[in-house]
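Chains as they are written, first to last, in our numbering: chain A, 1 to 258; chain B, 1 to 258; chain C, 1 to 258; chain D, 1 to 258; chain E, 1 to 258; chain F, 1 to 258.
Hints may contain errors.
No copy labels: a pair is met if it fits in one copy or bridges any two.
The calculated DSBU-like cross-link candidates involving lysine-lysine, where the alpha carbons are at most 30 Å apart (straight line), are [stated by the list, open to error]:
{"no.": "1", "residue 1": "LYS197", "residue 2": "LYS30"}
{"no.": "2", "residue 1": "LYS30", "residue 2": "LYS130"}
{"no.": "3", "residue 1": "LYS190", "residue 2": "LYS153"}
{"no.": "4", "residue 1": "LYS49", "residue 2": "LYS22"}
Hints are computed from structural coordinates only; laboratory data are not their basis.
Keep in mind the model is a prediction, meaning the values are calculated, not measured.
Number of protein chains: 6
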Amino acid sequence: MTSSPYYREIGNEREIFRHAFKHQLPLMLKGPTGCGKSRFVESMAAELKRPLITVSCHDDTSATDLLGRFLVKGGDTVWQDGPMTRALRESAILYLDEVAEAREDVVVVIHPLTDHRRELFVEKLNELLKAAPEFMLVVSFNPGYQKRVKELKPSTRQRFVGMSFGYPSPDVEAEIITHEGGVDIAVARKLAAAGEKIRALEELGLAETVSTRLLVYAAKSMRAGISPRQSCDIAIAQPLTDDPVIQRSINDLVALIF
Amino acid sequence: MTSSPYYREIGNEREIFRHAFKHQLPLMLKGPTGCGKSRFVESMAAELKRPLITVSCHDDTSATDLLGRFLVKGGDTVWQDGPMTRALRESAILYLDEVAEAREDVVVVIHPLTDHRRELFVEKLNELLKAAPEFMLVVSFNPGYQKRVKELKPSTRQRFVGMSFGYPSPDVEAEIITHEGGVDIAVARKLAAAGEKIRALEELGLAETVSTRLLVYAAKSMRAGISPRQSCDIAIAQPLTDDPVIQRSINDLVALIF
Amino acid sequence: MTSSPYYREIGNEREIFRHAFKHQLPLMLKGPTGCGKSRFVESMAAELKRPLITVSCHDDTSATDLLGRFLVKGGDTVWQDGPMTRALRESAILYLDEVAEAREDVVVVIHPLTDHRRELFVEKLNELLKAAPEFMLVVSFNPGYQKRVKELKPSTRQRFVGMSFGYPSPDVEAEIITHEGGVDIAVARKLAAAGEKIRALEELGLAETVSTRLLVYAAKSMRAGISPRQSCDIAIAQPLTDDPVIQRSINDLVALIF
Amino acid sequence: MTSSPYYREIGNEREIFRHAFKHQLPLMLKGPTGCGKSRFVESMAAELKRPLITVSCHDDTSATDLLGRFLVKGGDTVWQDGPMTRALRESAILYLDEVAEAREDVVVVIHPLTDHRRELFVEKLNELLKAAPEFMLVVSFNPGYQKRVKELKPSTRQRFVGMSFGYPSPDVEAEIITHEGGVDIAVARKLAAAGEKIRALEELGLAETVSTRLLVYAAKSMRAGISPRQSCDIAIAQPLTDDPVIQRSINDLVALIF
Amino acid sequence: MTSSPYYREIGNEREIFRHAFKHQLPLMLKGPTGCGKSRFVESMAAELKRPLITVSCHDDTSATDLLGRFLVKGGDTVWQDGPMTRALRESAILYLDEVAEAREDVVVVIHPLTDHRRELFVEKLNELLKAAPEFMLVVSFNPGYQKRVKELKPSTRQRFVGMSFGYPSPDVEAEIITHEGGVDIAVARKLAAAGEKIRALEELGLAETVSTRLLVYAAKSMRAGISPRQSCDIAIAQPLTDDPVIQRSINDLVALIF
Amino acid sequence: MTSSPYYREIGNEREIFRHAFKHQLPLMLKGPTGCGKSRFVESMAAELKRPLITVSCHDDTSATDLLGRFLVKGGDTVWQDGPMTRALRESAILYLDEVAEAREDVVVVIHPLTDHRRELFVEKLNELLKAAPEFMLVVSFNPGYQKRVKELKPSTRQRFVGMSFGYPSPDVEAEIITHEGGVDIAVARKLAAAGEKIRALEELGLAETVSTRLLVYAAKSMRAGISPRQSCDIAIAQPLTDDPVIQRSINDLVALIF
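Only chain A is shown next, with the shape it has when bound in the complex:
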């Protein structure tokens, strides 16, 4: 069972999640890095009292990584469940983070689990796993990446209901920064305002803009006695870009606020 993390709801995303869980619809979450998708899934798993199994997908994530494999132990071959097989046996919520990065053969395990069959045939075990009603598949990806080399196949996308996530409004974000970063609300509001400004500056040409997580990092640094300017440099400008000119623009913008 997962302990519930702090999660601040923005719309009616909890209702949609409950509906998808109840009617056994696979769920697709879209949104930028650090906007709270993973925390949301964690908090729903806690509410629904289901174990949560998370897989951070990457270029080499394959069907085998999800299903499991045989290992040689003590002269014998022992099967070891992968996260998807474990999730099915435990009727867990399986969360495939950044699923668009995974290899193509991942569809082979996603497809039969996401139509009326809701089953998975594990070839190597010669075993058919039926999903219990409490099993749920959630995937997420970031639609904003510029280099859109990799995309979910349309025939895979059509198996999910979907929701888009964005960054919270400045008021909500300030609330989160206070709660997580340990600074008072006035400082948190300034950080949230800085975040809003940076996000609006499309001319910076950033691959990704500042996330709530980075604003919380900056808050923590300030609380540790590091000056606001340097806090924002190490927690915002440096992680976002290697270009000294853009770093200076970000830092100047922050200096105007503090």
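Fit chains B, C, D, E and F to the supplied structure of chain A, relying on the hints for placement.
Okay, now just chains B, C, D, E and F, sitting in the frame of chain A:
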């Protein structure tokens, strides 16, 4: 043996399938995602009282995946049949879904099974499997994918008789939505009308258009008490595209109907 | 020993094959899909009373696939002959179908078998296999593929005598269609005429044109009671192309004849 | 425990490192080759009394290299921890040098260690490793490489606080050269001046400019009795470039100073 | 020991070979397919009374293929010499045919064998093999291939003395055709004349032109009673090209002579 | 211990090598093929009384090749040191010839051995090898290759002191040719003059020009009674190029001298 799923016939596709089964002609089904190809095969397997073995093909599906392999178990090497070998032994209907995605060496097992020989030599077992008259090979693919990097070799295509599938007419589709999504026929007709409109809007530039499956998802969401607009957003607009402008076009079009 | 299939000679190809067999010259057959190359080889193997071993080559066919490999069985390593090694031991006719698709290292086994040495050193067995006078190597490929990425190396080609195959004349083809498809000669002539017309229409831009095999499929469908138009659609237009416009052109052309 | 190497602080980088260590924030160091990043990490590990585990990342560094693998020893399979697993067990400082070079699947181990979870699930051991508060992850890379094919994913970058390093000022650098190269301060100042000049000459078009390390090499060569000109040729010009014209420019510039 | 094949000397190539053998100089033979390089090496091995070990190199020939590998047999691991290791132990002539095709790591075994060291360290056996004075390395390749993707590294080439081979003069070639093909000298002269004409026609654009081997094949076909025209078609035109227009040009040219 | 080969010093390269050895500086030798880099290293190893371990690097040389690997022998797994591990244990001079060809992961073993640490952690043995003061790393590469696809990373280069090698002056080269090729000094001077002329002819467009080694080959051939012209053809023109026109230019140039 497969239990028969709900399938609504559109043309004389059942007659063609029976003919191909009776005369031992391999069958090729073409059509977009979610138009019912898999259900059709399932329902024919039930009618013909044959087991159905389905393989979702992908970039790494190889001859070995279809034929089987040796596994080391308890210090010894044990052969494990792949789905094609099993299908031959059980005289099943073998359904290779999205066969165009599979690796080139899959032809090595398809070719001798699809000409007058109807046999498969499993090199690793030194065993020749003869197809019983009840064995049937069915393949499917989606000819509409824009990125047509992968295609069945012409010399492979020429071994099949083929049929094209499209989406059902609005009346038939409404019938299906009522049956599957649990909404009354008036709502189902509106959803079918929305589907028809979206499919006609080629200027949306979608990689794939809305399938019957997504319309059923939307119906289910409405029945769960989610507003029609949000139901269509999460079940239609979000799965079809990540582009906010196109999402809005789809949602506006839906709003006009509901 | 192979049982002789139906094969209708067109030129003096039988004489050439007998000559190559008798004088131990490797033979190369060139021609489009479904024109009867494989049947010809089968029928010659039957006439010459030699076993026939066929390998459908593909992108991953390697020297190891032809030579054999060690397998671990019951804790020990057991050698298993590949098709080429078996063919040498049994003095069979070895037929490498679509040899141009195979991987480059296949030349390592072809070269010493196709010059004055006629031998094969199997490195892994430390064994030299000498070809008996009755062993024969036959290869085939389709020179018409547009994407001519893969080609036999000139130094490999120069080790063979070669023959080109085309489609039979309408009269001969009608004879074959009657024999194989079970329709009367009048219908067979119409199908042969349709085949001739489609093959002449270069503006269709087909990767491959209609083969005798597809005309036989159409004949079988007609005999099963399916209308001539739909028979030709499922057996000719659908297998040849996914383009609806070209499918219609083919079907219109057929409609004029029936 | 690491013994403290000589490290000359430039800004307040020690304070930032202590803060990141104390608040469990992952740290990202950016800067050119040979500017002292590795020494800095070594010296902080010594101050904080933590073991230091360094991994020089390269094109093939994968998650498995970091996590560990099973080895077959004496007929049995034995697990061997990788550097990341060892670092977690020993609560060490784990330093991934040139992390941008590593393979994409390294994110799978970095992500759960760098958010609020601070844990690592080792699939193959079925074991969840929780990071102690004293565990710290430090990564470094050189943002100045011209061929920027490889970059940390933005979603990975956003998990770190960052600092940029440059070369020290001539005074500080001369101090380091004296200390490390064993030459008197007058010679060290000349070498530092040469370094400053070469770095300013962007028209040389060097992939990387001269590092403090190379200036120390030149000092050592002079102390060994090799002439200043040849010392600078073998320690500066030859390592920096293969182009004889640029070598001569560098050597001429050095000749003006000595 | 190799039995001597028929070989007709053209220049003083035997003298050069003897010199290279005696002074332990590695030898490089260059020339088109089927001009007799392999026969020449065979005949020299017979004269010099050394065993001959031939390797037909290809895209995947690697150092391991030449050196040998461990195989698991009867539960134990047994070393098996590769052709180069065997050649060193038997003081054989090692002939790497089409060496330019082999993988780059083949240089690792060629280099120490071709300078003053004349030795080979087999890492896996921890064994240093010293070449006896009778060991000789001969390599060959065809410099005329149009697609010159692969070439011997200049640093490898510089370790050999080299000779270029061409086709024999018409008189010599007629002599060979009579000897090998069993036709009388008048027919052989016509075939040699045809060969000379085809080789001169650069406008045919052939990847390789007709070899002596193909002329011998044509001779054999004529002796078997096949007409001169068809003999030349199957033995010359078909092997050289798939282009019907070029085939016709070749056949017309032949028709003028016969 | 290495026996000292003949090596003719050109500048003060012996002094630089001794200095690098004494002060534990890694050494980088740059220069064309066959100019004597390997002999120089051999002769220094003999002078310094250290064993010499040479690795000819190539496209597939990896960290594992240098470090060693586990082999299965007699049912057990036995570790086998690679050349770098052996060099560390024996305090040898490790010479990586053509290091720029090696795979990128070779840096992982080079880096910690070439900074103040001078150590190597062998992950698979869980063993830290400390370099004794007598261990030395020498690398070489040829900066003149036209296809500069592969280059040492700048961050790797900056860990070495470097020296450039060229061809010897005609007088020195004639001395070497006499000594190695066994011809009298007059002939040797002609060969050295030919070498100088060919090297000056940049318009030949050779990938590499004639090395001292090839001039020695030519000398040996003359001493064996082969005419000067043919000696230079087989030992100079043929190894340098496949282009008949350039071969003729080289041979004409040689003819003018002899």
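Alpha-carbon proximity context of LYS30 and LYS130, limit 30 Å: both (27 Å within a copy, 29 Å between copies)
Alpha-carbon proximity context of LYS197 and LYS30, limit 30 Å: Both. Shortest intra-copy (23 Å) and inter-copy (26 Å) distances satisfy the 30 Å Cα cut-off.
Same-copy or cross-copy closeness of LYS190 to LYS153 [CA-CA at most 30 Å]: between (42 Å within a copy, 28 Å between copies)
Intra- versus inter-copy proximity for LYS22 and LYS49 (alpha-carbon distance at most 30 Å): within (13 Å within a copy, 34 Å between copies)
In this structure, none of the earlier numbered hints is contradicted; all agree with it.
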